[in-house]
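Next come the chains, spelled out residue by residue.
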Amino acid sequence: MSGSRSEQAQVRFEQLYRETRIDLLAYLVRRSPSAEDAADLLAETYSIAWRRLDAVPEGKGARPWLFGVARKLLLKGASKARTRHALVERLAAELRVAAPIFQPVEDERSVALRAALASLPEREREIVMLASWEGLAPKEIAVVLGQPANLVRVRLHRARKRLKRALLGSAGGTRRLVTGSDAPPAV
Amino acid sequence: MHTSRPTADSLELLKECDPVQQGALSGEAIDHALTNLGVALVSSSEGPAPVRPRRAIRKRRGLLVTTAVLLVSATAAAATVVMGAHTGRYPTKAEVAVGGPGEALDPAAPDFRAVALDVAADIPYPDGYGAWRDYLIAREVAAASDGVLESTGALQGWFAASGFCAWVQVWRQADHAGDATKASEAAKMIAQAPSWKAVTDEDPNPDPAAVNDPGAEPGTLFGWLLPYRDAVLAGDRARVDHLLATGYGQGKCWSSDPRWMAEVRAHPEWGTLGGQGLARKYEQFLTSRHS
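Chains as they are written, first to last, in this note's numbering: chain A, 2 to 188; chain B, 4 to 294.
There's no promise every hint is true.
Calculated lysine to any residue pairs in the SDA-like style (CA-CA distance at most 25 Å, straight line) [as the list claims (entries may be wrong)]: (1) K73(A) to V23(B); (2) K140(A) to S111(A); (3) K165(A) to E19(B); (4) K255(B) to Y128(B); (5) K191(B) to R232(B); (6) K61(A) to E272(B); (7) K18(B) to R159(A); (8) K18(B) to S111(A); (9) K18(B) to E20(A); (10) K73(A) to Y128(B); (11) K73(A) to Y93(B); (12) K18(B) to V98(A); (13) K73(A) to G105(B); (14) K165(A) to A150(A); (15) K165(A) to P129(B).
DEER-style ranges, computed between Cβ atoms [what the hints assert, rightly or not]: (16) Q16(A) to R268(B): 30 to 38 Å; (17) P122(A) to T203(B): 27 to 35 Å; (18) P127(B) to A56(A): 50 to 58 Å; (19) R240(B) to L152(A): 52 to 60 Å; (20) H158(A) to H270(B): 25 to 33 Å.
It should be emphasised that the hints constitute simulated quantities derived from the structure, not laboratory data.
Even glycine gets a Cβ: it sits at the ideal position worked out from N, Cα and C.
The whole structure should be built from the sequences, with the hints applied where relevant.
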């Protein structure tokens, strides 16, 4: 660390990086067209976090902030024209070795679930994915998307209802997927 | 990785179709690569900068890239074909910040040219420069690819940059030819350009000196218009030519000029010239257009 950067800042960044890097990598892997893009965007996201550490919220607010930055970079297609760092290439190479993570499961149940997810309007689908796959709470999703938390809650509620309907409307064998709080009322 | 919930619901079920299997990213090799990357980030990049009140400008405003979610809705794709360039989709607040305002258009749709011409209707191009507008549309169509949409605001911004550059060409040629009337008309348009709606929709206060992220060129999205405008209003053609030749500004006027771009395509060997060499070529090209 150079003399111009405080040790406190470095410790904070390293902790942030350690605690969030796998979750953020998973998020980017899910949404990037390639391992290279995912690795590249991860590096860019944390590079921004490091440069703007003062703007990163303390505590639990840091995680959705990072997802929000990563999402903006994804929307910008920010990795397309960048010269990649050797260590980014290394991470991409390791991701390629773990190739099965990019292969969707093709059993009937998974196909039905993916079809139900794909049937959602795009705005709701993104919220659902952030809630289910990234484990984000509505308040955190609101930070990621830059939307009011109430709006996110409403959309998430609608999305869950739509999902239920979509799952019920899929092939007969998938009816059993609807369980627990989403189970349809007895007829 | 996921927050557990008290009851199994649709969100819990969806975890089963998560394309990233749990534990797949927690291997030792990936962890090692991540650790090395983190160390490199801290040691090689610039450290924390003070929070700036001014929002960093976006460098590329043209494209709204729809997120690749590994789940492509066939119905959505079909709807695009039926609906043509108008998708009926409007960007979220976050998307506006990177992709511009307005409806997302599909440059790959067969009616995109007609829609784009409609979008461009408010941008005043000088007589004889319709080819510049056509070139821009063709460029956007050529750049179209699956899942890439372009907001009407971004498209209008491109037209504003292209139209502005066309007026700059008209001014410098009229000034060179001693045509005061034409030069005055062009100067008037150039002076008004920073206030065009297409400009202010994306950049309410164009400023060529605005501070951006470390390493990024200064200036707001349309801040580059002002040095051209000031040079034109000062009657400083040498300054205008210098700005043009160096490709100054995010608009890079030379990229709007179809004749110059045709020259570049006709000389693939220029690819080795570098920025300064290409600037000299463009300077020669500009000079040749006076003759």
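**Request:** Quickly compare the C-alpha distance for K140(A) and S111(A) to 25 Å and report which way the hint goes.
**Result:** violated (28 Å)
**Asked** Under the criterion that the straight-line Cα-Cα distance not exceed 25 Å, is the pair K73(A), V23(B) satisfied?
**Response** holds (21 Å)
**Message:** Tell me if the straight-line CA distance from K18(B) to R159(A) falls inside 25 Å.
**Reply:** holds (18 Å)
**Item:** Pair hint outcome, K18(B) versus S111(A) [Cα-Cα no greater than 25 Å]
**Value:** holds (10 Å)
**Asked** Is the straight-line distance between the alpha-carbon of K18(B) and that of E20(A) 25 Å or less?
**Response** holds (21 Å)
**Message:** For a C-alpha distance cap of 25 Å, please report whether K73(A) and G105(B) respect it.
**Reply:** holds (18 Å)
**Request:** Please work out if K73(A) and Y93(B) have their alpha carbons no farther apart than 25 Å.
**Result:** Status holds; Cα separation ~16 Å.
**Request:** For the pair we were handed, K18(B) and V98(A), check the Cα-Cα distance against 25 Å.
**Result:** holds (23 Å)
**Request:** Using the Cβ atoms, figure out if P122(A) sits within 27 to 35 Å of T203(B).
**Result:** For T203(B) against P122(A), whose Cβ atoms are near 31 Å apart, the range 27 to 35 Å holds.
**Request:** For H158(A) and H270(B), compare the CB-CB distance with the range 25 to 33 Å and indicate the outcome.
**Result:** Distance hint for H158(A), H270(B) is violated at roughly 60 Å.
**25 Å limit on alpha-carbon distance, applied to hinted pair K61(A) and E272(B)** = violated (54 Å)
**Q16(A) paired with R268(B), Cβ distance criterion 30 to 38 Å** = violated (51 Å)
When the structure is compared with the earlier hints, violations turn up for hints 2, 6, 10, 15, 16, 18, 20 and for no others.
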